[in-house]
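Asks: One line per chain: the protein sequences are A and B, in this order. In terms of the working numbering, the first sequence opens at residue 744 and continues consecutively. In terms of the working numbering, the second sequence opens at residue 744 and continues consecutively.
The hints are simulated quantities; they were obtained by calculation from the structure and are not laboratory data. Keep in mind that the hints are not guaranteed to be accurate.
So the derived label-pair ranges between C-beta atoms look like this [stated by the list, open to error]:
{"id": "1", "chain 1": "B", "residue 1": "1106", "chain 2": "A", "residue 2": "915", "range": "29 to 39 Å"}
{"id": "2", "chain 1": "A", "residue 1": "787", "chain 2": "B", "residue 2": "1088", "range": "12 to 22 Å"}
{"id": "3", "chain 1": "A", "residue 1": "929", "chain 2": "B", "residue 2": "825", "range": "52 to 62 Å"}
{"id": "4", "chain 1": "B", "residue 1": "943", "chain 2": "A", "residue 2": "822", "range": "36 to 46 Å"}
Examples of chain A residues toward chain B, derived with CB under 7 Å [as the list claims (entries may be wrong)]:
{"id": "5", "residue": "764"}
{"id": "6", "residue": "786"}
{"id": "7", "residue": "1042"}
{"id": "8", "residue": "1045"}
{"id": "9", "residue": "1075"}
{"id": "10", "residue": "1086"}
{"id": "11", "residue": "1089"}
Quick caveat: nothing in here was measured; it's all calculated off a predicted structure. Beta carbons: idealized from backbone N, C-alpha and C, even for Gly.
2 protein chains.
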Amino acid sequence: MRVIGVVGGGQLARMMQPAAIGLGLRLRLLAEMAGSSAAQVIPDAVVGDYTDPETVATFARGCDVITFDHEHVPTAILHSLEDAGIAVRPGPDALVHAQDKAVMRARLGALGVPCPANEVVPDAAALIAFGDAHGWPVIAKTSRGGYDGKGVWKLAGPAEAAVPFDGLEGLRADAVVIAEEFVDFTRELSVLVARRPGGQAVVYPVSETVQTDGICTATTTPAPGLRADQVRDLKAMALRIAAELGVVGVLAVELMEARDGRIVVNELAMRPHNTGHWSIDGSVTSQFENHLRAVADLPLGSTETLAPVTVMVNVLGGSLGDLVAGLDDVFSHDPAVKVQLYGKDVVPGRKVGHVTAMGEDVEQTSARAWRAARYLMGESDE
Amino acid sequence: MRVIGVVGGGQLARMMQPAAIGLGLRLRLLAEMAGSSAAQVIPDAVVGDYTDPETVATFARGCDVITFDHEHVPTAILHSLEDAGIAVRPGPDALVHAQDKAVMRARLGALGVPCPANEVVPDAAALIAFGDAHGWPVIAKTSRGGYDGKGVWKLAGPAEAAVPFDGLEGLRADAVVIAEEFVDFTRELSVLVARRPGGQAVVYPVSETVQTDGICTATTTPAPGLRADQVRDLKAMALRIAAELGVVGVLAVELMEARDGRIVVNELAMRPHNTGHWSIDGSVTSQFENHLRAVADLPLGSTETLAPVTVMVNVLGGSLGDLVAGLDDVFSHDPAVKVQLYGKDVVPGRKVGHVTAMGEDVEQTSARAWRAARYLMGESDE
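I would like the entire structure built from these sequences, with the hints used as guidance.
Replies: Right, here's the structure in full:
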């Protein structure tokens, strides 16, 4: 494997490029538009529509294997690539579990993986019946096409039962509504696995993640306060899901820790994940390098941490329009903090970069990372 | 500073790209030829002759600042860029000390920096007089245009005194011959500094370097067996040289440790340097990131190490033509070793990559790095 085709021109594809450079692999990019985050840094970039079979097939002809920056390529297109003898990693039969939450819930349920109670509901009446059986509020989700908090609704009671069905119309035709038990969680966690075609897999330490309005804003790794047996069980569960689903590349298992102590699966993603960005600086092998190694069928790298604590904080578009100028403040206050900027125009609330701090102590390390992020968001120090 | 122009398309420019991606800086490359090591990974690459004033001036117009992958751009071209208002970092008045060993020796001598006895010799007779005064063998060097052991001669006695003058004819017109005292060194050392325009500077730990036929083949960082006062003095000396010469970017001070304990300066380089490649994996901030930060006038990053020992071994072209295939052996034997491949055709003896191992113990870490390098050179494990 020499030429890795990456569908999607966002920051995840962008951050694959440093890893590809070291490994001597060539990335070939199918980007939504010229000048996208990844197209700025990958010479072999073509612009095209990833939902058009012809475009994707033409793109794939120059590649030894195809992988993804996002999960939105239609399953039928991926099957036809495989039929044409092109390696797709993760393959469509695995990827569907990250594309379709109904498929994911059914499969995880069959595997006995702890999930919130859930049910596909065809209409408001069925949703109300679910809420009456499992209690209100109810979480309703579109099975396909949701992201960063979009396509998820928290419904207080039966009066709101029509909301997701109205919302779905604006989304997509192949989606259904899933009703899920509201989990009163105290925090979210994430476990990342990287897995090769033959089954070799590595798992990263469990991260604690902070979500704000459905967007990941910060992670702390390793997640504080977990018992050793919990860590062991969560890692084993993530490895098992990756194996059962036949994932190749990175799998992110997003979890909720409930007030009653239960830990249940919230979402799956099959690509490098925001909750693994800490690994660029904080691990011997970053999630991006292990994703590429997996996709290229090379032995996977050590997921050992380089510091007792690594805290990553997302930079969301704020009042500072010129992020590179903000680096002056960031680096003059902290010579050890690390920054990744995504090359995107600053739009309020948009993910435009992240910062990472490594240290001995959760509180101090977190304070350093947040201070750096605030500088880049144009907020004052205090 | 947003667009950094890099003159030279080799592996040093290539390894700047991961750092540029993180910092949100754009690299613009002037490469000797299409498909060069750096041009493979930098979208904005033009092919042209860096000795042609027009080519360089046209290239520079699209850049906020110009820096280098090598030291071979003629001083007159750099002066005319500065006259046109373009920032050149390091500037020509600093860079000349890395381009011309006669200028470097004169300046270091004036600064009282320990150097081997040396003298510019106009002819063989003068060289013989130098040898008779300082003892044989004598090291003769071309003042300009030497690299990787080329343009350096070890002369056993007066009978060989004409060799460098004959050799010089094949090199360049503006070069002279420098005679230097032969230093019976037990090992070579290297100290890297990064310095901003305003004078802020950081220094990396001292590295021990192994040279074979004039090519750096391995480094161990920190250099074993130095006393704390020696380390302090060497770092202070490197920082002083950077300041006195007005260096902006990375300065590498290459040193020889003589059998009698003296440590003298061998060479200066003003760009990321082979002896600093360990810092990609082994330091909080790599030499490439600090070079770019310095050139873009951003505050410099921490040079703290991430492990007690980091060993870098160069991969020289060997019997293995397909380096990516060799990664299978490397990574399956050692999940924690790191690799940088340069995207170059494998030619015997050519630098085509390097490997880095981090560990607790010099001997074990060195063994790991050498084993990985041997796999990539197509040599058997033992």
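Asks: Does each hint fit the structure? Answer for all of them.
Replies: Hint by hint, here is what the structure shows:
{"no.": "1", "hint": "B:1106 to A:915: 29 to 39 Å", "in the structure": "violated (60 Å)"}
{"no.": "2", "hint": "A:787 to B:1088: 12 to 22 Å", "in the structure": "holds (19 Å)"}
{"no.": "3", "hint": "A:929 to B:825: 52 to 62 Å", "in the structure": "holds (60 Å)"}
{"no.": "4", "hint": "B:943 to A:822: 36 to 46 Å", "in the structure": "violated (56 Å)"}
{"no.": "5", "hint": "764", "in the structure": "holds (5 Å)"}
{"no.": "6", "hint": "786", "in the structure": "holds (4 Å)"}
{"no.": "7", "hint": "1042", "in the structure": "holds (4 Å)"}
{"no.": "8", "hint": "1045", "in the structure": "holds (4 Å)"}
{"no.": "9", "hint": "1075", "in the structure": "holds (4 Å)"}
{"no.": "10", "hint": "1086", "in the structure": "holds (6 Å)"}
{"no.": "11", "hint": "1089", "in the structure": "violated (11 Å)"}
The earlier numbered hints that this structure contradicts are 1, 4 and 11.
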